[in-house]
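Asks: Full structure from sequences and hints, please.
Protein chains: 4
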Amino acid sequence: MHQQNQQLLDALAACVAACEHCATACLQEDHVKMMAACIALDRDCADICALTARFLARGSAHAQHLMRECAEICRLCGDECSQHQHEHCQACAAACRRCEEACRQAMAA
Amino acid sequence: MHQQNQQLLDALAACVAACEHCATACLQEDHVKMMAACIALDRDCADICALTARFLARGSAHAQHLMRECAEICRLCGDECSQHQHEHCQACAAACRRCEEACRQAMAA
Amino acid sequence: MHQQNQQLLDALAACVAACEHCATACLQEDHVKMMAACIALDRDCADICALTARFLARGSAHAQHLMRECAEICRLCGDECSQHQHEHCQACAAACRRCEEACRQAMAA
Amino acid sequence: MHQQNQQLLDALAACVAACEHCATACLQEDHVKMMAACIALDRDCADICALTARFLARGSAHAQHLMRECAEICRLCGDECSQHQHEHCQACAAACRRCEEACRQAMAA
Numbered sequence: 574m575h576q577q578n579q580q581l582l583d584a585l586a587a588c589v590a591a592c593e594h595c596a597t598a599c600l601q602e603d604h605v606k607m608m609a610a611c612i613a614l615d616r617d618c619a620d621i622c623a624l625t626a627r628f629l630a631r632g633s634a635h636a637q638h639l640m641r642e643c644a645e646i647c648r649l650c651g652d653e654c655s656q657h658q659h660e661h662c663q664a665c666a667a668a669c670r671r672c673e674e675a676c677r678q679a680m681a682a
Numbered sequence: 574m575h576q577q578n579q580q581l582l583d584a585l586a587a588c589v590a591a592c593e594h595c596a597t598a599c600l601q602e603d604h605v606k607m608m609a610a611c612i613a614l615d616r617d618c619a620d621i622c623a624l625t626a627r628f629l630a631r632g633s634a635h636a637q638h639l640m641r642e643c644a645e646i647c648r649l650c651g652d653e654c655s656q657h658q659h660e661h662c663q664a665c666a667a668a669c670r671r672c673e674e675a676c677r678q679a680m681a682a
Numbered sequence: 574m575h576q577q578n579q580q581l582l583d584a585l586a587a588c589v590a591a592c593e594h595c596a597t598a599c600l601q602e603d604h605v606k607m608m609a610a611c612i613a614l615d616r617d618c619a620d621i622c623a624l625t626a627r628f629l630a631r632g633s634a635h636a637q638h639l640m641r642e643c644a645e646i647c648r649l650c651g652d653e654c655s656q657h658q659h660e661h662c663q664a665c666a667a668a669c670r671r672c673e674e675a676c677r678q679a680m681a682a
Numbered sequence: 574m575h576q577q578n579q580q581l582l583d584a585l586a587a588c589v590a591a592c593e594h595c596a597t598a599c600l601q602e603d604h605v606k607m608m609a610a611c612i613a614l615d616r617d618c619a620d621i622c623a624l625t626a627r628f629l630a631r632g633s634a635h636a637q638h639l640m641r642e643c644a645e646i647c648r649l650c651g652d653e654c655s656q657h658q659h660e661h662c663q664a665c666a667a668a669c670r671r672c673e674e675a676c677r678q679a680m681a682a
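Chains as they are written, first to last, in the numbering used here: chain L, 574 to 682; chain S, 574 to 682; chain F, 574 to 682; chain E, 574 to 682.
By construction, these hints were calculated from the structure, which means they are not laboratory data. Possibly wrong hints are sitting among the right ones.
The list treats identical chains as interchangeable, and a pair is accepted whether it falls inside one copy or across any two copies.
Stated by the list, open to error - Keeping only pairs whose Cα atoms sit at most 25 Å apart, straight-line, the calculated SDA-like set for lysine to any residue is:
#1 K606 / G632
#2 K606 / H635
#3 K606 / A634
Replies: Now the structure itself:
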């Protein structure tokens with residue numbers, strides 16, 4: 574079961590790590606105030622990606638619902654992060670977009 | 574930061590997925606009673622691996638402490654799973670051992 | 574913010590604890606096979622309640638979405654648990670129903 | 574089992590909520606930069622308290638280990654929060670100290 578979903582699991586794990594790293598790095602920037610929305614979305618995004626991965630790996634009947642919410646939060650987090658030039662924000666935006674896309678592909682399958 | 578730890582993050586994510594899958598598959602076996610200890614350890618192991626990954630990715634000062642506990646729970650879960658011949662238990666045992674080893678290497682580094 | 578939501582936070586925390594306890598106690602019953610669906614739902618329900626509580630406490634814009642999913646999983650878990658006479662299942666069913674109701678009230682507010 | 578531990582479960586849930594709320598409120602302060610350490614500790618503290626509650630409720634053999642780590646992180650988060658005059662920081666410091674104390678009492682029992 575979870576082997577067929579390995580690509581999505583990888584995208585989710587990468588997005589969790591990118592969001593956690595981005596939140597920490599944002600807190601160390603000179604202008605933290607500008608990063609507040611980014612940090613807030615990083616927290617939500619890391620959490621929903623982590624739970625979606627677990628529901629997926631366990632074959633939960635509710636994994637599809639979480640994927641939909643996960644794709645939505647990834648989209649918002651990716652949009653916010655993409656507006657900042659910090660390397661960690663750009664990396665996070667990319668991870669969010671890959672994860673959103675992977676969720677949408679899995680929902681369509 | 575978290576890129577240097579990518580191997581450990583991969584091992585942790587793989588162990589989370591293997592434990593979640595193993596717990597679900599154990600519940601579908603004919604002799605669930607025999608799998609009770611395995612399911613119980615799968616739950617703890619998935620949880621501690623998931624949190625260790627997040628502390629590691631965020632560069633937490635407490636990541637080392639979680640790695641130590643994570644390695645211990647992975648060892649116990651791997652020992653239990655290795656005693657069952659089901660494919661999901663053997664796969665989980667292997668994931669637990671790789672994760673335990675990755676934690677120990679990271680702690681020694 | 575989170576003080577206004579204290580009743581929902583309490584219901585969520587109680588449901589997490591009841592589901593975790595129920596899953597463990599189900600694994601110790603003589604007829605674990607009969608409890609497999611209950612254990613599976615307990616895992617999902619504990620997870621979604623725990624995350625909903627965190628999104629609520631942090632004032633996340635996505636808390637409402639999680640409440641809806643949480644109410645749905647609580648309903649299913651409560652229905653399953655209510656079919657078993659074990660004390661832990663009956664207690665879990667009651668906690669699930671209180672939590673479902675608290676989510677629905679918060680969504681309507 | 575988990576009923577005997579209700580006081581600790583309550584302290585853990587209250588600390589999760591206080592840390593989540595404090596992190597969000599810190600991000601909305603004028604001087605976010607000064608709150609960076611507080612936000613970072615809030616994240617770790619909410620996570621470890623949430624997991625400790627689950628290990629405790631499920632009767633995990635590893636709950637004691639998590640309590641020790643939880644008490645330590647609560648102590649650090651409480652110390653940091655207590656240095657800030659914001660209401661959310663003072664409330665979080667109080668919740669952390671109650672939770673640290675509850676963990677230490679449970680470990681001694």
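Asks: If a hint holds in the structure, say so; if it does not, say that too.
Replies: Right, here's what the structure says about each hint:
1. When the C-alpha separation of K606 and G632 is checked against a cutoff of 25 Å, the pair qualifies only between copies, where the shortest distance is 18 Å, while the shortest distance within a copy is 40 Å.
2. Taking identical chains as interchangeable, the C-alpha atoms of K606 and H635 lie at most 25 Å apart only when they sit on different chains, with a minimum of 22 Å there against 37 Å within one chain.
3. Taking the closest pair of Cα atoms, K606 and A634 come within 25 Å of each other only across two copies (19 Å); inside a single copy the shortest separation is 40 Å, beyond that limit.
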